[in-house]
Amino acid sequence: MKKTEVLIVGGGIIGSSIAYYLSKHGVEVTVVEKGKLLGGASGANQGGIPVSLFEPPLLDLVRESRKLYDGLSQELGEDLGFDETGLLLIVLDKDQESLLNQFGKRLEQRGLGAESLSSNELQAESLLADNVKAAVKTSADASVDPFKVGFGLISQAKANGATFLKDTEVKDVIMSGRKVTQVKTTRETLQLNYLVNAAGARSKSIGDMVGLDIPVKPRRGQILVTEPTPRAKYRYLMDFDYIATALGNGDKEEKSRRMKLGVASSLIQEPSSNWTIGASRDFAGFNKKTTRETLGYLADRATKFLPDFENCNIIRSYAGLRPYCHVDGKPILGRIEELDNFFIATGHAGEGITLAPITGKLLAREIVSGRKAKLLDSFRYSRFESE
Amino acid sequence: MESVKDSSSEPDEEGSEKIVCRCEEVTEGEIRESIRTYKLDTVAEVKRATRAGMGLCQGRSCEISIKRILSEETRRDISEISADSVRPPTIPVETGVIADVIRGGGGNEED
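Each protein sequence line maps, in turn, to chains A and B. 1260 is the number that our numbering gives to position 342 of the first sequence; each next residue is one higher, with no gaps. 79 is the number that our numbering gives to position 76 of the second sequence; each next residue is one higher, with no gaps.
The set of hints was computed from the structure by calculation and includes no laboratory data. Any given hint might turn out to be false.
Here are a few chain A residues that sit away from chain B, every Cβ distance over 12 Å (derived from the structure) [stated by the list, open to error]:
#1 L956
#2 R984
#3 E1033
#4 G1095
#5 N1192
#6 F1201
#7 R1289
#8 R1301
With a cut-off of at most 30 Å between alpha-carbon atoms, the simulated DSBU-like pairs for lysine-lysine come out as follows [stated by the list, open to error]:
#9 A/K1102 / A/K921
#10 B/K42 / A/K1206
#11 A/K1076 / B/K42
#12 A/K954 / B/K21
Virtual Cβ for every residue (Gly too), placed ideally from N, Cα, C.
My request is simple: use the sequences and hints to build the entire structure.
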């Protein structure tokens, strides 16, 4: 029987990042992926790193991850398309103008740069609709090419000796007391010393195998891709409504169909100069088909901010299933107390790309050192038990 | 000009500079290298790893060439290599046309 030191379930961006950082420590690691590498949510997103949107303690984790991205292209020997463009937060609704300004002030208090655009600056920006009422430009936010990040991590992990097994589904685990000793897959049974559950939207089913109830379900996000357009000055734009829909602190009694589908514009011009038009959030089980209605709302909302998009061609659409923690929307990270050798890294929701580097680094450190990483303390599985 | 279709059935180093995906300017060599590095066996994986087929034509011109390269590299018959999944729209459509689905409130209120 094949033996591996660490077995990671899930070959998405999170599993790949953990594999990379473990392999950097010289740890022998095997990644087992049900489908194709980066074939789930890791390959169906916009590559945004929206630092400004988060509140502590998640913000602390996000900031550390953002710092790791600074040196990651060099470390992986690959141009990751890291674009430190900052975010342009925009409002159409006069009522939201004061909220946006408060938001900008709070960012400054936290040492995250933010400045309001003057009405002259707004008018000078020909891309933006005339009826955009206000905009705040932040500086901490960035974007990357998610495929370059994923394949960059995989390729370096492989160079360091990591093994990636795709088309290999975990069917069951064998326990010995509080320890998982073997994993049965559709191909072979593997012996292991440590198990990491990084199975994203499907991480609940891996938890079920060891008797843990992981409160994660798939949340669908749909995205449109435009043809390439000339390089814009502002390449990462966000509808202020996004904050309400993404962070769940909006009006609970949403009356509009758009807000029910969680549609608020997140617009990113990729290194290839195509724009991705997001974002939506709804629950449809494991169905990752796009729907005409949601794509319609995405397209319509985008043209309200960027009128030139009206005649710009859409060449593709896709949807991804984000691992969403339905208790508090926060990631679930670190060692599980109930078992001796089981680690978890899931529930990243729409922040898998943002949090991949710090998740990989800290999970690897916990596995190697046996000590808990303080930054993960607010995100442990144990928070669900104290309720 | 020699096309990819005319290249020999053996992995061909001479063809490495040939452009397979014209939209994204991906060469045959890049495609072969990623198939070998990441053990790719589907068109969708090649697309994610190299951007081949991600451009304006969405693989309509290059998918057959990518399949052929995959069949050579993975030593399978080309018929065993399935097409990439369809991601609407199948031809480029203006954003405004996609938005029209929800515009007008679904009723005749404007009338």
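We went through each hint and held it up to the structure:
1. The Cβ of A/L956 does not lie farther than 12 Å from every Cβ of chain B; its closest approach is about 6 Å, which violates its non-interface assignment.
2. Every C-beta of chain B lies more than 12 Å from that of A/R984, the closest at about 24 Å, which supports listing it as non-interface.
3. The beta carbon of A/E1033 is kept farther than 12 Å from every beta carbon of chain B, the shortest such distance being approximately 30 Å.
4. Distance check for A/G1095 against chain B: the nearest CB is about 36 Å away, which clears 12 Å, and the non-interface claim stands.
5. For A/N1192, the non-interface assignment is contradicted: its Cβ lies about 8 Å from the closest Cβ of chain B, within the 12 Å cut-off.
6. Against chain B, the non-interface label of A/F1201 holds: every CB pair exceeds 12 Å, the least being about 20 Å.
7. With 12 Å as the threshold on Cβ separation, the claim that A/R1289 sits away from chain B holds: the shortest Cβ distance comes to roughly 34 Å.
8. Consistency note on A/R1301: stated as away from chain B, and its beta-carbon is indeed over 12 Å from all of that chain's, at 34 Å minimum.
9. Straight-line distance between C-alpha atoms of A/K1102 and A/K921 comes to about 12 Å, which keeps the hinted pair within the 30 Å bound.
10. Note on B/K42 and A/K1206: the hinted pairing holds, with a Cα-Cα distance of about 25 Å set against a maximum of 30 Å.
11. As the CA atoms of A/K1076 and B/K42 are separated by approximately 12 Å, the hinted pair is consistent with the 30 Å bound.
12. A threshold of 30 Å between alpha carbons decides the hint, and for A/K954 with B/K21 the separation of about 27 Å falls inside it, so the pair holds.
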